[in-house]
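Undergrad: Listed here are the chains, written in short residue letters.
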Amino acid sequence: MNPNELGTYAKNTWCPGCGNFSIFNAVRAVLAELNYDGTPIDNVVLVSGIGCHAKIVDYLNVNSFYSIHGRTLPVAMGIKLGNPDLNVICFSGDGDCLAEGLDHLIFAAKRNIDLTLILHNNRVYGLTTGQYTPTSPKGFKGKSTPLGTEEFPINPLELMIASGATFIARGYSHGIDLLKRLFREAILHKGFSFVDVLQVCVSYFNMYEVYNKRVYEVKSSDLGNFEEALKLIRSWNYNDSESPIPLGKFYEIEAPQFDRLFPGYEPHSVDTDAMIKDVLDNLI
Amino acid sequence: MATQLVAGNMAVIIGALYAGCDCFFGYPITPASEILHEASRYFPKLSRKFVQAESEEAAINMAYGAASAGHRVLAASSGPGMSLKQEGITYLAGSEIPCVIVDIQRAGPGLGNIGPEQSDYNQACKGGGHGSYKNIVLAPNSVQEMCDFAMEAFKLAFKYRNPAIILADGVLGHMVEPLRFPQKAVVPEIDISWAVNGNAATKGNVLTSIFLNFDELERHNLKLQEKYLKIGDNETAFEEYKVDDADVVLVAYGISSRIAKTAVDIARSRGIKTGLYRPITIYPFPDKRLSELAGRGCRFISVEMSNGQMRDDIRLATGCAIVELVCRYGGNLMQIDQIMQKIRELT
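Heads up: the protein sequence lines correspond to chains W and Y, in order.
So for the first sequence, the numbering used here puts the first residue at 1; every next one is plus one.
So for the second sequence, the numbering used here puts the first residue at 285; every next one is plus one.
This is chain Y alone, in the form it adopts within the complex:
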């Protein structure tokens, strides 16, 4: 099996190509542009479609079109571009069209800067556009997972006919690590049971998010909510590190989880029973195990590069009113000392 040193933004493209992705629509934006560049290098060589669109909105609407025809579409952007794409994403969700979108998060709000942050959490996990909808959101924490989760995201997006977001950040996009290439490429076929592919077989299919009749739209919404419940029952994923006997549990995803893991080891070397709980799916949020840990009396610290956006989900999952927060903003990474200080305060 091929192992190669690659950057996270390249790994996403490798995963997407193995997942049978055949269309990429992008627009330049730092720190996500390398995804655009790598797509432009490899998609045409493999007879797949690549377009640099005229705007972020154009890119997501090209995705809307190609995906509605049953194609496996990838789009990628970062904070300001993701905000622009929200219109397209709510239409994809409302029409139940699968599509994978990568968000290489940068620091905000507004223009912010191009350093890493995790402050698009709410936008990705709570909907982001108008209407009662949810995206499936996967949070990789390594180059390997940038590739593997691209494949997983396509699988889930098509299984549930729903947009799936890979929520990474500027560090994950740019750091270089060894990548084991996927075992086998997916050779997808267009699903004629729902896609609108411009032929007799799919002529009767309707993809829409407009239901002028109030009751009909309510039924459509109820159906969507049922789907989200099912996704929550079946697809939550997480990783644990030394939580079995832990008194203090750090909860962290993405790049922050790697820093938190080091903090766990340091705390343990000083005799403090500490563990790490890493959500891998952040929507659906893996709440059941957290609830068990809360029942056992664990104290929780949310370690995130945002203003407690994930902490709200930890509070809901655990029922604990007090969940501590360790955060950094502005493109700065978490410092181990910060986490250690909070652990010491709790013990």
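Excised from the complex, chain W in its bound form:
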């Protein structure tokens, strides 16, 4: 499948230079590739929340659900539980799933439900034109923090490893080859996979220069080692302006999937009336 076949006629309203274009291009290429490799595009569902990131589902000609601010993951969970054979990929922003919907992110990881979450982490509320988010560094001067925020940022990867995520990685919008690799592996991973993407917002928090100087790619040989992964994750805390920023896959383990815990429900293959009656009779 040619990735261009996955485009739509929706007018693109991201700013020129927006990091979302890299995520879009990488995802489109990976989906086209996976379709060829046996993950049919018709069985893929994309889910987004509200924020600049969310427009991505309008630009990809794939089954999609443009949901509610903060609720990307619960909607995706519903879709996945409704039909566990679907391949559900979530797009969310740092405001979307680390502020308004933080509880859902923790529970998706805790349950290890087989979803992929791609975090468009631009570290600013872009659609509402520039307020600080949970990953903005201390001192960030946005429209609601004219004197600089006093809060320290959350390290979302640290939160994810603590919550039970079974696949943790970080990419950067200036590095599409790595994004493609990470997305592909995350989508194929069985369980909850979390890919943090340092996605630069050119309008309200342009970090290209900073990131370009500091990012480096790691190739961990011991992906199942919690302590090693944690060390790597903690080597940059989203706040300090000195340490190098590792990119790549940091952690991957196998664990039971929440979506496989439910016995199959086949409404047409059994006598439903008799089954209900049987259950109720035994209850009484």
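Hints are computed from structural coordinates only; laboratory data are not their basis.
The structure presented is a predicted model; accordingly, all values stated were derived computationally and were not measured.
One should not assume that every hint holds.
Below, in silico cross-link-like pairs of lysine-lysine (BS3-like), each with a Cα-Cα straight-line distance of 27 Å or less [what the hints assert, rightly or not]:
| hint | chain 1 | residue 1 | chain 2 | residue 2 |
| --- | --- | --- | --- | --- |
| 1 | Y | LYS511 | Y | LYS443 |
| 2 | Y | LYS507 | Y | LYS572 |
| 3 | Y | LYS443 | Y | LYS333 |
| 4 | Y | LYS329 | W | LYS141 |
| 5 | Y | LYS410 | Y | LYS443 |
| 6 | W | LYS219 | W | LYS141 |
| 7 | W | LYS141 | Y | LYS333 |
| 8 | W | LYS138 | Y | LYS329 |
| 9 | Y | LYS439 | Y | LYS526 |
| 10 | Y | LYS333 | W | LYS138 |
| 11 | Y | LYS507 | Y | LYS333 |
| 12 | Y | LYS329 | Y | LYS468 |
Once you've looked at the hints, dock chain Y against the given chain W.
TA: What follows is chain Y alone, placed relative to chain W:
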């Protein structure tokens, strides 16, 4: 007296600061974000508290906490955020805690868009959350009133220990007009007769909305209903324009009332006796005068950017089964032609 050109969302903050508001809790949402931005600029400079919360629910619950300690708290949002805040608002109402909430209405339902609408009317005026409660709801139609009603909302919220909502919209929030600053700032003191302020004087005060005993909860509800009746008797406010000899009365609030006013003048220039009745408090709905006008045989047209939500209140107030509706949706403002057409149909 200082007069300055400001936007409606800024005027709310000026009014709140003059009203002695000392805490603001918000979350970014278009078209209300400027209230958050202006609060962040001015609250810290005046040693008042400002927090951008982690969610809409967090913001209203921070308000619940600070207000229960007797502070004058402002929260602001728009449609989707207001829906999220309903849980906190019903607890504020149930516990009788004063708080002012600004709703810069946008078009719905669901995500809708960021254009203006007036479709949060029912949510604001009929309760919005669970339980039999009411908010006091004020509807400004100018930048001046965005400021003045912020002060009035704090006055009423504290007088009745009740949430008060300023129901504006995306146009009122963003339009720029001259604002006369308030004469004098209120210097509030914490009311130790009910607030829970963490000291010996307020130790005996209890603020709660849980009454496990059925009869006790019924008594609490009856007390609330008595309060709402009293608010209805004392606090309704409205504005009239050329209704004295009118055959057709347009009823409109907020930004729609300004468009309706122009329609009144055009209709009059064509010899049709038309007037405008503008509710200023939309809860309590100013029904007595409307009832008088109905008794005189006036025909009514509800002019609103929603699906007849206010028309229901006009029907109740007038007893008229037929109240015409002129409405727009989707972020579009009312067109004068639309109103004129309906006036012509009636005359």
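Undergrad: Next step is simple, just say for each hint if it's right about the structure.
TA: Status of each hint after checking the structure:
Using a Cα cut-off of 27 Å, the hinted pair Y/LYS511 and Y/LYS443 holds, with the two alpha carbons roughly 11 Å apart. Pair hint Y/LYS507 plus Y/LYS572 holds up; C-alpha atoms about 23 Å apart against a cutoff of 27 Å. In summary, the hint linking Y/LYS443 to Y/LYS333 is supported, as the alpha carbons are separated by about 23 Å, within the 27 Å threshold. At most 27 Å may separate the alpha-carbon atoms for a hinted pair to count; Y/LYS329 and W/LYS141 meet this at roughly 16 Å.
Under the criterion of a C-alpha separation no larger than 27 Å, the hint pairing Y/LYS410 with Y/LYS443 is consistent with the structure, at around 20 Å. For the proposed pair W/LYS219 and W/LYS141, the alpha carbon gap of about 35 Å is over 27 Å, so the pair is violated. Among the hinted pairs, W/LYS141 with Y/LYS333 is consistent with the structure: their alpha-carbon atoms are about 18 Å apart, no more than 27 Å. At roughly 20 Å between alpha-carbon atoms, W/LYS138 and Y/LYS329 fall within 27 Å of each other, so this suggested pair holds.
Proximity of Y/LYS439 to Y/LYS526 is assessed by CA-CA distance (about 30 Å); at most 27 Å being required, the pair is judged violated. This hinted pair checks out: Y/LYS333 and W/LYS138 have alpha carbons roughly 19 Å apart, not beyond 27 Å. Note on Y/LYS507 and Y/LYS333: the hinted pairing is violated, with a Cα-Cα distance of about 33 Å set against a maximum of 27 Å. Annotation: proposed proximity of Y/LYS329 to Y/LYS468 holds, straight-line Cα distance about 19 Å (limit 27 Å).
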